[in-house]
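Listed here are the chains, written in short residue letters.
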Amino acid sequence: MIVAKQKPLSELTAMLDGYRNVLAVGCGTCVTVCFAGGVKEVGILASALRMARRLDGEPMSVAETTVQRQCEAEYIAPLAEGLDEFDAVLSLGCGVGVQTLAERFPGKRVLPALDTAFMGLPTEQGVWEERCQGCGHCVLDITGGICPVSRCAKQLMNGPCGGSQGGMCEVDTDTPCAWQLIWERLAGQGLADRLLEIQPPRDWSTSRDGGPRRIVRDDLRLPPAEDV
Amino acid sequence: MTATETPFEPRIVAFCCRHCAYAAADLAGTSRLAYPPALKIVELPCTGRVDVLELLRTFEDGVDGLLVAGCLPGRCHYLAGNLHARQRVDYARRWLEDIGLEGERLRMINLSAAMGAQFAELATEMAETIKDLGPSPLGTRQTAGQGLSIGSTPLPGEAVHDHGDGR
Numbered sequence: 062m063i064v065a066k067q068k069p070l071s072e073l074t075a076m077l078d079g080y081r082n083v084l085a086v087g088c089g090t091c092v093t094v095c096f097a098g099g100v101k102e103v104g105i106l107a108s109a110l111r112m113a114r115r116l117d118g119e120p121m122s123v124a125e126t127t128v129q130r131q132c133e134a135e136y137i138a139p140l141a142e143g144l145d146e147f148d149a150v151l152s153l154g155c156g157v158g159v160q161t162l163a164e165r166f167p168g169k170r171v172l173p174a175l176d177t178a179f180m181g182l183p184t185e186q187g188v189w190e191e192r193c194q195g196c197g198h199c200v201l202d203i204t205g206g207i208c209p210v211s212r213c214a215k216q217l218m219n220g221p222c223g224g225s226q227g228g229m230c231e232v233d234t235d236t237p238c239a240w241q242l243i244w245e246r247l248a249g250q251g252l253a254d255r256l257l258e259i260q261p262p263r264d265w266s267t268s269r270d271g272g273p274r275r276i277v278r279d280d281l282r283l284p285p286a287e288d289v
Numbered sequence: 081m082t083a084t085e086t087p088f089e090p091r092i093v094a095f096c097c098r099h100c101a102y103a104a105a106d107l108a109g110t111s112r113l114a115y116p117p118a119l120k121i122v123e124l125p126c127t128g129r130v131d132v133l134e135l136l137r138t139f140e141d142g143v144d145g146l147l148v149a150g151c152l153p154g155r156c157h158y159l160a161g162n163l164h165a166r167q168r169v170d171y172a173r174r175w176l177e178d179i180g181l182e183g184e185r186l187r188m189i190n191l192s193a194a195m196g197a198q199f200a201e202l203a204t205e206m207a208e209t210i211k212d213l214g215p216s217p218l219g220t221r222q223t224a225g226q227g228l229s230i231g232s233t234p235l236p237g238e239a240v241h242d243h244g245d246g247r
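Chains as they are written, first to last, in the working numbering: chain A, 62 to 289; chain B, 81 to 247.
These are calculated hints, taken from the structure and not from any lab test. Treat the hints with caution; some may be incorrect.
[Stated by the list, open to error] Across the chosen pairs, the derived CB separations fall in these ranges:
| no. | chain 1 | residue 1 | chain 2 | residue 2 | range |
| --- | --- | --- | --- | --- | --- |
| 1 | B | 174 | A | 283 | 33 to 39 angstroms |
| 2 | B | 110 | A | 145 | 45 to 51 angstroms |
| 3 | A | 119 | B | 174 | 20 to 26 angstroms |
| 4 | B | 211 | A | 237 | 49 to 55 angstroms |
| 5 | B | 170 | A | 255 | 47 to 53 angstroms |
Each residue gets a CB set at the ideal place from its N, CA and C atoms; glycine is no exception.
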């Protein structure tokens, strides 16, 4: 899932300075599951903002709604009705949700309430950890299902660096060394010898280095209107 | 703010667990122990039912103080509901402070059903704390007629989500 966290209230009140009537829009998918931007978090944040602004002597109306999926145009289309009455839209979606709203409603100020952090999973209740950076060329088959791109601070591809100490990373002693984990996983599967194969330098053009990425599936695109 | 001659009587809501604090409040009553009349008790099946959203909306509605009263640690009827409640109360207090309200307006206490005297004592103590802090600046005294739904404009054709369990 995409994991996000709410921005500090002080940052949001500064961002919303001058606005009097705001629509807070949550998202029913990833940010609901990580408790950052679902129905309940929209309610909490909206209530907090209303109270903060009343205390500042600048009351602000904050309406609340949550769409099932903020990152797809058809799910946010119903928001168009009645949007004129709001000065701004405060999105509790991930960065993709914010941009989907901004693209769909270009005349409207769309502001982010969350800081989108990473793609990850909950390791225990209330704790989320990064597991994927969307590098565009998955190597999990080689590394025993443990990602060195997202879990190794140096994104090393051929074993640990000298900073691996007692199985932990020198960057943060609470963080396991990804390569220690990879070694243990593959050794446990009797496949440690596979690590002897040297991985060549990676082609990072599939990652952020290649600029914004795009996937096109011709089999899924709608036929041109003139052909229908 | 409208000037008023009557002394400040804090409005305090107490979310009380049915298995302990609610019974303790009852015991205080039947034992003829006085506690502040402005304390409004809301019975809950367990303080684990308490949600940050409800805590904040209660303050938004203008109460001066809020007490969450659960079982003694280790004695929760549902094992850990009171511990969850304490975490949520701590979290909600941080929200209140960020908003600009005093965190002391929200407090969690732990009691057994037999602790009627302690309930009366803690409720009185809470009332004294709130009297010292003064009325909530969000109180409906200044904004009469505006309650839970203040500022909450439903989107045309779409209901504002209910205030309850929205998970």
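Results of checking the hints against the structure:
For residue 174(B) and residue 283(A), the Cβ-Cβ distance of about 49 angstroms falls outside the hinted range of 33 to 39 angstroms, so the restraint is violated. In this structure, residue 110(B) and residue 145(A) break the distance hint of 45 to 51 angstroms, their C-beta atoms being roughly 59 angstroms apart. In this structure the hint that residue 119(A) and residue 174(B) lie 20 to 26 angstroms apart at CB holds, the actual value being about 23 angstroms. Between residue 211(B) and residue 237(A) the C-beta distance comes to about 53 angstroms, which sits within the given range of 49 to 55 angstroms.
A C-beta distance of roughly 48 angstroms is found between residue 170(B) and residue 255(A), which places it inside the suggested range of 47 to 53 angstroms.
Violated hints, listed in ascending order, are 1, 2; each of the other numbered hints is respected by the structure.
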